[in-house]
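Asks: The primary structure of each chain is shown beneath.
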Amino acid sequence: MKITKLLATSAIVAASLAFTLPAYAEAESDDPIIMVQNNWTSQLVLSFVVGKTLEGMGYTVEYSPSDSQLQFKAIADGDMHFQVEAWEGSMKTAFEKAVAEDGMIDAGSHSALTREEWWIPDYVLEKCPEAQNWEGLNACAEIFATAETKPKGRFVGPPADWGKNYAARIDALQMNFKAINVGQAATLWAELQSAYDRKEPIVLFNWTPNFIESKFKGRFVDFPKPEKGCMEDKAWGPNPNATGDCGAPHSGWLKKAAWSGLAEKYPKAWGVMQKIDFTNAQIAAAALMVDVDGLSPEEAADKWIAENAAVVESWKK
Amino acid sequence: MNSAVTDLGKTPSSSIPGAHSFWVQIVAMICLTVVLSLVLPFMKTWPQEWIVPIKGWVTQFFTWLDKEAAIGSLKFKTVTRSISWLLEQPLDWAEYILYRGIKARDLPAMFWIFLPVIGLSVLHTKFGMRRCLMVVATIWAISLADNVLFQFGLFELPHTAMEALGVKKLDALPWIVIVAGAGILGHWIGGWKLALFSAGCIGYLAVMGLWRDSMRTFSIVLVSVPFAVGLGLGLGIWVTRSKRAAAIISPMFDIMQATPHMAYLVPVVVLFGAGQVPAMIATVIFAMPPMARCTILGIQTVSSDVEESGRMSGCTPRQLLWKVTLPSSQRILMLGVNQVVMQTLAMVVIASMVGAQGLGHKLLFSLQQLRLGAAVEQGLAIVLMAVVLDRLTQAYANRAPGELASRETGWKAKKHFWIFLAVAVAAYLLAQFVPLVEKYPRAYTFTLGRNIDFALRAFSKHAYDYINPVRDFITIYMLIPFRDFFLWLPWTTVIGVVGLTAYWLGGIRTTLLTTGLIGFVILITGNWEQGVLTLYLVTSAVILCVLIGVPIGIWASRSDRAARAIMATCDTLQTFPSFIYLIPVIMLLKVGDLSNVIAILAYATVPAVRYTYLGIKRIPDVTIEASIANGTTPFQRLWKVELPIALPEIMLGINQTIMMALAMTAITALIGSSDLGQEIYRALPTADSGRGIMAGLGIAVIGIVADRLIQAWAAERKKQLGIN
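Protein chains in written order, with the numbering used here: chain D, 1 to 317; chain Y, 318 to 1041.
Just so you know, the hints here were simulated from the structure itself, not pulled from any lab data. Ideal Cβ positions, reconstructed from N, Cα and C, are used throughout, including at glycine. Hints are supplied without guarantee of correctness; some may be wrong.
What the hints assert, rightly or not - Far from chain D by the CB rule (all over 12 angstroms, computed), these chain Y residues:
(1) 356
(2) 371
(3) 380
(4) 543
(5) 587
(6) 593
(7) 624
(8) 984
To be verified - In silico lysine-lysine, DSSO-like type, Cα no more than 30 angstroms apart, as pairs:
(9) 265/D - 384/Y
(10) 199/D - 178/D
(11) 778/Y - 486/Y
(12) 178/D - 164/D
(13) 1036/Y - 316/D
(14) 778/Y - 215/D
(15) 268/D - 778/Y
(16) 52/D - 92/D
(17) 1036/Y - 303/D
(18) 560/Y - 934/Y
(19) 92/D - 384/Y
(20) 486/Y - 316/D
(21) 756/Y - 640/Y
Using the sequences provided together with the hints, build the complete structure.
Replies: Here it is, written out as structure tokens:
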């Protein structure tokens, strides 16, 4: 019998809650805008830059960390509101899925262009002077070999879930390499750091803009420029019998992602978000303050805003 | 598992009755299945066309839950979102108090202060209808009035009062208060030593400059732990009361604990969104089972005399439970609380993947930046918090039951509380004038981050030349052939051998359970190859764990001094966020199977050490003396007396090692692998619930099968030895 009493009590509590809930939801017109934060430098600094700009306009801003892939579902649902850096290279699939299926908004592209390609530290050129070109690199594949890949060279590839098929490109170009997929970006940098300290030859997946540029000296390997025929026409390119025998595009997009309710709930902020536009140089400068000068991402954002006041003002117009 | 097998081989007659024919049958089974699979290809590899699209169904189910499911006009998603909202309230308050401070605009939510009042009144009147109704009705009226009036901007009393006073924001508790609080709590529970220890550890968080992040993490812990404890307690009591509940819930706990926590993330995000609260929910799912287990154990082990005397003095069943049974199993319940706290802290880093702020997020960021030193310090902060909470809960559990109801009365009984209040008020007021009291100044923070970075890099640079040949040798001549062997095995052989072993150890039911699970969850879902690769990684790691862990455990049992140092190392290894091990391992060993194995090793060796130590320590002195009297050499004593007697215990340790190794495969996926752990990780980008869950369950199945086989073997063995 006492259970019924308990149930009755909780029913009443629940009912009272249900009654009060919607009232609160409407009252909170000054709800915080929630900025997504990921775990790499440029994104952290830029999200603080945007957040601080919005705070300057009188909005309340909160920051919520998220996995770089799961975030889009959260943005689509309105749990988080704005992502300032969405990369074509690593997030295309999840981004497009969230736009198509869950109603997330594509808030436009930055001027900054992204590139992803095979990358070598400069000291590799001492042992293999032609390595900047893919054919030259292929000629000295053996210096990149490890016990498992011998006699083939070892290419440290991107995380397997980023949707890049470098094994296929290696086949198409008949290169003497074997692609090893890592689990996450930090793994790439650990490999690079270890090899760099010992000046051991390494070729790995890398992209720009990226904090790596400020810490390690190196360059992208040139592959045949991707043209329309590369993916469709077997005859195109160095290998007459294969498609896909070319490099990655030199200019990938860098987009902003937003919740669909922003326009209605925070019209002014939404206007700013659509105008926000970073260039490669601006992003690199922002990341540099943290990675080289040792500021915290938040301090770096303050400094960036102070140095780029005109840019920030232009967003507000 | 390895040592079990060799043991069976050496002394067949003493292990399983008729073990000889067992081995004959196993060999026959292997020959039969291998020959058959040569003739019939479908017995070697499960054909693509036969794969049942269970993953797709699960994904569709969650999409349906997310988008369509509804009871009448009430959408299921509304329900889950309301739960999130409800859980968010206490979390908000913890955050306001610990680090955020309360802004004027948050004050109308004051209503939630009254929630504990509801709880109290419900408990206090012991569910008495009338008083409960009155309290609830009053709160309902107040909150309603508050709400309605707030809509018109009329009743903003606290808000208005604050603005009238010119206060825009009430600050959070100054750091000094929290450090002092830890000290005072320590003194109340365990005296001066514990007080100094707690205050010192918590204070060091500020010294490292991680105060704000630590408090963020701590607020999640502070709110998740009571939830997990309450839920675990409730479920535990329910299981002891109802056989049907026991039949359903106990296996659920097995699955919840054996599934790597990463596999929960996708469905949690789909149902509850991302942010602090979903992170908390994932944490609670993971941390709750130990509490429930301890509750069950506690209630079942209360001596019948105690309950009898309770009944004789006229207790109702409810009184018996709350006043007699639970208090007398207090120690074991506190052990449960302790486990919940530790598990919650173990989730900190993973929870940050779905939006938990604080140390976990910072740690992943540092790793991404290759700032290992910073990551180590952030990991250390988590460990410090865990150690303080661990000591406090353990000291509380170990207090004599009478001590709790202190004989002192009046002011003295609550002096710790009053002192804390006085310190808090004084510091809060002082903080308005002296910034040092309010916030630990940044200039005084002291970090070893760069030094640690430098040391690690120097180590990897110089050690590499020595380690690399070893790495190559192990990879080429041991791991790769071993992996190829696993991949070559026909599925019929694997299932046949498991089924047969299960039959000998536990009977036909164990066979049906183990083979059924493997078949349904791994084979027909198309996860076979990943499953076998998981098995390969885990087997390799577990063999190494045993080879390393058991001797260390034996060493610990020989010397108390060694034991202390070894156990402290074990504790640290287990609470230290496992993500940190990954980077140095990669720097030394490069991406490859050996890196995976070593990363697993760092984490999973601990139980092998611990259980070996306990198993040997628990052997009665009489037995040892008898063996000495019989003139055994120390080596003979170890080999012929101690190890055989401790073997069941050691096997349980290996059982735990297997579980931990399996859990680690989800984390070593970040290095790069192609096992089930990687499947879970790859399900994240597309929020593909089915793929993640089925891979997670696959790992759980491997764990459960190993667990069942080992438990059955240990039970049999114990019976032979006449233990228990």
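Asks: Now tell me if each hint is right for this structure.
Replies: Against the structure, the hints:
Every CB of chain D is more than 12 angstroms from the CB of residue 356/Y (nearest about 33 angstroms), matching its label as outside the interface. The beta carbon of residue 371/Y is kept farther than 12 angstroms from every beta carbon of chain D, the shortest such distance being approximately 21 angstroms. A cut-off of 12 angstroms between C-beta atoms contradicts the statement that residue 380/Y is not in contact with chain D; the least separation is 9 angstroms. Here residue 543/Y stays apart from chain D, with its beta-carbon at least about 18 angstroms from theirs, past the 12 angstroms limit.
The Cβ of residue 587/Y does not lie farther than 12 angstroms from every Cβ of chain D; its closest approach is about 7 angstroms, which violates its non-interface assignment. At roughly 8 angstroms, the least C-beta separation between residue 593/Y and chain D is not larger than 12 angstroms, which violates its mark as non-interface. With a cut of 12 angstroms on Cβ distances, residue 624/Y stays outside the contact zone with chain D, its closest approach being about 20 angstroms. With 12 angstroms as the threshold on Cβ separation, the claim that residue 984/Y sits away from chain D is violated: the shortest Cβ distance comes to roughly 9 angstroms.
For the hint linking residue 265/D to residue 384/Y, the alpha-carbon distance of about 23 angstroms falls within 30 angstroms, and the restraint holds. Straight-line distance between C-alpha atoms of residue 199/D and residue 178/D comes to about 21 angstroms, which keeps the hinted pair within the 30 angstroms bound. Using a Cα cut-off of 30 angstroms, the hinted pair residue 778/Y and residue 486/Y is violated, with the two alpha carbons roughly 51 angstroms apart. Between residue 178/D and residue 164/D, the direct Cα distance comes to roughly 14 angstroms. Compliance with the 30 angstroms bound is thereby established for this hinted pair.
Pair hint residue 1036/Y plus residue 316/D does not hold up; C-alpha atoms about 78 angstroms apart against a cutoff of 30 angstroms. For the proposed pair residue 778/Y and residue 215/D, the alpha carbon gap of about 17 angstroms is at most 30 angstroms, so the pair holds. A hinted pair counts as satisfied when its Cα atoms are at most 30 angstroms apart, and residue 268/D with residue 778/Y does not qualify at roughly 53 angstroms. With a C-alpha separation of about 27 angstroms, the suggested pair residue 52/D and residue 92/D falls inside the 30 angstroms cut-off, and the hint holds.
For the proposed pair residue 1036/Y and residue 303/D, the alpha carbon gap of about 72 angstroms is over 30 angstroms, so the pair is violated. With a C-alpha separation of about 36 angstroms, the suggested pairing of residue 560/Y with residue 934/Y is violated against the 30 angstroms cut-off. A threshold of 30 angstroms between alpha carbons decides the hint, and for residue 92/D with residue 384/Y the separation of about 23 angstroms falls inside it, so the pair holds. For the hint pairing residue 486/Y with residue 316/D, the CA-to-CA distance comes to about 28 angstroms; that is within 30 angstroms, so the pair holds.
Taking the CA atoms of residue 756/Y and residue 640/Y, the gap is about 44 angstroms. The hint is violated against a cut of 30 angstroms.
Hints 3, 5, 6, 8, 11, 13, 15, 17, 18, 21, counting from the list given before, are not met by this structure.
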